[in-house]
Each structure stands twice: as structure tokens, then as C-alpha cells.
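Peer 1: Line order of the protein sequences matches chains X and W. Taking this note's numbering, the leading residue of the first sequence gets 693, the next gets one more, and so forth. Taking this note's numbering, the leading residue of the second sequence gets -2, the next gets one more, and so forth.
Careful, some of the hints might be misleading.
[Said to hold, decoys possible] Simulated restraints, written as ranges between beta carbons of each label pair:
| no. | chain 1 | residue 1 | chain 2 | residue 2 | range |
| --- | --- | --- | --- | --- | --- |
| 1 | X | Q736 | W | C120 | 34 to 44 angstroms |
| 2 | W | V21 | X | Q736 | 30 to 40 angstroms |
| 3 | W | V21 | X | I855 | 19 to 29 angstroms |
| 4 | W | A29 | X | P1022 | 21 to 31 angstroms |
| 5 | X | E920 | W | N168 | 48 to 58 angstroms |
These are calculated hints, taken from the structure and not from any lab test. C-beta atoms are modelled at their ideal positions from N, C-alpha and C, and glycine is treated no differently.
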Amino acid sequence: MHLLAIDWFLLIEKAILILLIVTVCLVTAMYATWGERKVAAIIQDRRGPNRAGPFGLFQPLADGLKLFMKEEIIPNASVKFLFVLGPGIAMVTALMTSAVIPWGGTIHIFGRDIALQIADINVGILFVFAIVSMGVYGIMIGGWASNNKFSLLAAIRGASQMISYELPMGLALISLLMVTGSVRLGVFVDQQVNGVWNVVYQPLGFFIFFICALAECNRTPFDLPEAENELNFGYHQEYSSMKLGFYLFAEYINMFISGVVMSTLYFGGYDIPFVNEAAFGDVWWIGALEFLALMAKGLIFVFIFMWIRWTIPRFRYDQLMDLGWKKLVPLALLNMLITAVVVLWRN
Amino acid sequence: MQTLTNRSKPVNRKPMTWLEKLYVWNIAKGMAVTFIHIFKRKATISYPEQKRSFSKVFRGLHILNRDEEGRERCTACGLCAVACPAEAITMEAAERQKGEEHLYREEKYAAKYEINMLRCIFCGLCEEACPKDAIYLSQTFAPANYGRAGFIYGKENLLIPNPKEDPEGFNKARGERVMS
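Just chain X, same shape as in the assembly:
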């Protein structure tokens, strides 16, 4: 009997939390598509979507509806199981990363301490990396199962790009780990709430991490897997209807999540800048405010991603590889060396 003594409230609490966070991610991604078009428009001196509802706010709903209503085409020559699996993997891996991110501090509600984090596992950041690396399977499987040479080429590009840019990303992260001395994401945030944001210690590391995050999300200037002029449409060329929607959607979720991860790692996570949260004591709304602070930081990153997209053209493939292997890897190694020396010297 003792074995079955499950804390039912914990299960309910986590279930609600998972539901909330997934919903937040999906809604944010939905409105990121709207935001993308708005940002593109205002940067190009246009107005952007403004017909569907106030400020065009219903545009994502209309887009979603359109994607659902489209005919669903599965090519005859494709591997059908993998063809369907591809967008699913892309979506699931995009959403799974949100599980370990601390979305806010602990709040007291109904006599319970509820941490606004689904799972504070002790390998937090490694989990994020593992899942992000799995994101490439969505592209690879989708591109391969389509049985289209353009899709396959795009998938190969995507895979090699992701592998190349994970390396400097990991190296940049190692120097960050040297500073913090932990891989648990909660510890990262606690240290930054009580001290200085990590970006102060690791400006170069953050810079490298940011560039690699762009590449990991397949965002311009590193959107080679979907280069229209070279590969028609890239790895999702054969996809239609909501399966295509899933791929496009997963990109926006990835963008948002990587913005949140960067805020967590380098910009204090849910720390509200210039405010001492502990001074307010135990009130529930401070948790909500912390959550909003993290959202704001993540969305600022999303805006920067979009801003970059509408500023610079795509890199050529050899330039991309050059930048990854010959510039970012040495820079990251240098950063790691300097950090190691400083950490040793200070101890």
C-alpha cells in the first residue's frame, strides 16, 4: 500500500502546469506568426495584416483555419509512416524543451508551494540540448520520406548545419557552466536573481550562443534548409495542409523557446530587473509578474530574431560552414580558455 501512496495533488498540479505552459507556447507561437508579418511590414514601411479583427489580431486564426481546410496530400512515392511522423517529431521536440525551463519562482496557493517549473531535473540544460538536437530528426525524416531530391538536399543541409552549430553552442555553454558550476536550470536562475546576470560574465559566450541559436532554429541568415531559390521550398516541399502548418509552427515555437532559454541562461530568467522580489514577501502575484518578465525577455529575443530576418540575406552554404567551424569554434574555444583561466585564478 505504501508504494501506491502517490501525491495526487502533485499530479494534478503538474498536469495543470503542463497544460498551461503548452498552451502558452502554442499561443505565443501563433501570435509570433502575426508578429513576424507585422515586424516585416513595419521594417519595410508597410502596415502588415490589419483586416482580420483589430490590428489584424485574428489573422493567425484565419491562417490556422485555412491550413486545416486545405487538401491533405501524401505523395504516392513517399514513405507514408515517416512522412506523417516528420512534422510530429518537429512539433513534439519543439514543445518538450519547455518542460525544464523555470517559468517563475515558487508561489503559495491553496496552502501548497507550487514551483512554476514542470521538472527541475538535475541535468536541466543537457536535457534542453538533447531535445534540441533531436529537432533535426523532424527535418531529416520529413525531407527523406518525401522522396523528393530537393527535400532530401534541404534535409541534409539542415542536419549538417545543426550539427556544426551545436558544437560552438556547446562550447559557449561549457564556459557558462564553469561560471555557474551547475547544470540545473533552477540554480542558474537563483544565482542570477541574487547576483548579476550571466551575460556580464559571458558577453562573448552569449554572442556565440545567440548566433548558434539562430542557426538551430533555421532562422535567416541561416535558413538554408528552406532556401526557396535553390531548393524550391526546402524540406517541407511535399507537405500540405496542417502537416506543413506543424513545420512552420514548430519553427516559431523553437524561436520562442530558444529566446526563453537564452533569457534563462544569460539574462536572469524570471528575474525582474532592478526589483528585489524577495522584498515583497510571499504574495502570489509576484510569481505572475516573474512569469511575465520571462515572457517579455523571450519575446524581445523573438523580435530580435525577426529583426535580423528582415535585415540580412541568407548566407551561402560555404560561408555558413566557414562561420561555424573556422570562426565560431575558435572563438568559443578562446572564450572557454579565458573563462577557465579566470575561474582558476579567482579560486
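Please arrange chain W on chain X, whose structure you already have, making use of the hints.
Peer 2: Here is chain W on its own, set in the frame of chain X:
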């Protein structure tokens, strides 16, 4: 080489330095440019709510003019059809009967007057050819239509509202163009 103007700039073919190859500085410059554009005035005119005003000499849809007593001016002489380089105008003449003097200004009038707006090039030669000041190009343009038949405008589309019965409509249809 001797240059024709002193405005040409020599192409810089120096190999990029290591810092330049990181593209950071140049990308930052580009991003500053796009950031400034966020605050610039938008070029768009939100069409159905906001309309761009036409110039005073804009040549839009035709109107068949009436005189100050509300009688049609057209006598179906056919000069506009002859002048039309696109051959867009067709008409049929008819004789004015007794009792129709308040409708038509002269003894002959156009019973049928059609302009194919898909053929028309809005050059305004019909306006220049007309000896009776009967046809003018107004300041509106043809609305979209689903079929070609809808672009053949008959008298019911072209005639200007009667200045006696509907002076407001008459002035609106006339627009800002100066007519006799």
C-alpha cells in the same frame, strides 16, 4: 582610366580582414538601417477607408453630359466613335419624337450608347472630338467585375444624374473637372 564623370567609385577588392569576415559590424550597420525604418512613415494608403485624391486632369470613367435643363446633349453624331483609337464606343441613333423635347436637346439622340471599358484606354480623344460637350471623362474608375459583360457600360451607367432632379448627384458625378 579616364572616367566620364567624377562620380564613379573604384571597387574595393581588398581581401576581408578576419574581423570583417565575422560580418558583425556590417550586420549591425544593416540592422540600424532597418531599425530606423520602423519609425518611418508608412507608404501604404488603406484603400477602402482612405482614398488617394486624383489629379484635376485625371481621366476616369466616361459620363454622358446633360445641359442645365437636364436634357441629354448627345446627338449620336458618331464623332467620338470615329475618334476612339481603341474602337470602344458603339451607338445607335434615333429621332426625337414630339413630346420628348424635355429629354433630348437636339432632334437626333443616341438610343443606345455603349462603351466597352475593357477596350477603352482612357485617352480622352472622345472628349476632344465631341462637338456638343456631351461626353466627359470623370474622376472615378471602373470597379472590378466577375464577367466581361459587366464592363460594357450602357447609357444607364454613363448618363450623369439630372441636374434639376438630383443636383447633388450631378455635381458629384461631374467631379472637379471643368465642363461647359
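Peer 1: Next step is simple, just say for each hint if it's right about the structure.
Peer 2: Status of the hints after comparison with the structure:
1. X:Q736 - W:C120: 34 to 44 angstroms: holds, 35 angstroms
2. W:V21 - X:Q736: 30 to 40 angstroms: violated, 24 angstroms
3. W:V21 - X:I855: 19 to 29 angstroms: Because 23 angstroms falls inside the window, the suggested range holds.
4. W:A29 - X:P1022: 21 to 31 angstroms: holds, 28 angstroms
5. X:E920 - W:N168: 48 to 58 angstroms: holds, 52 angstroms
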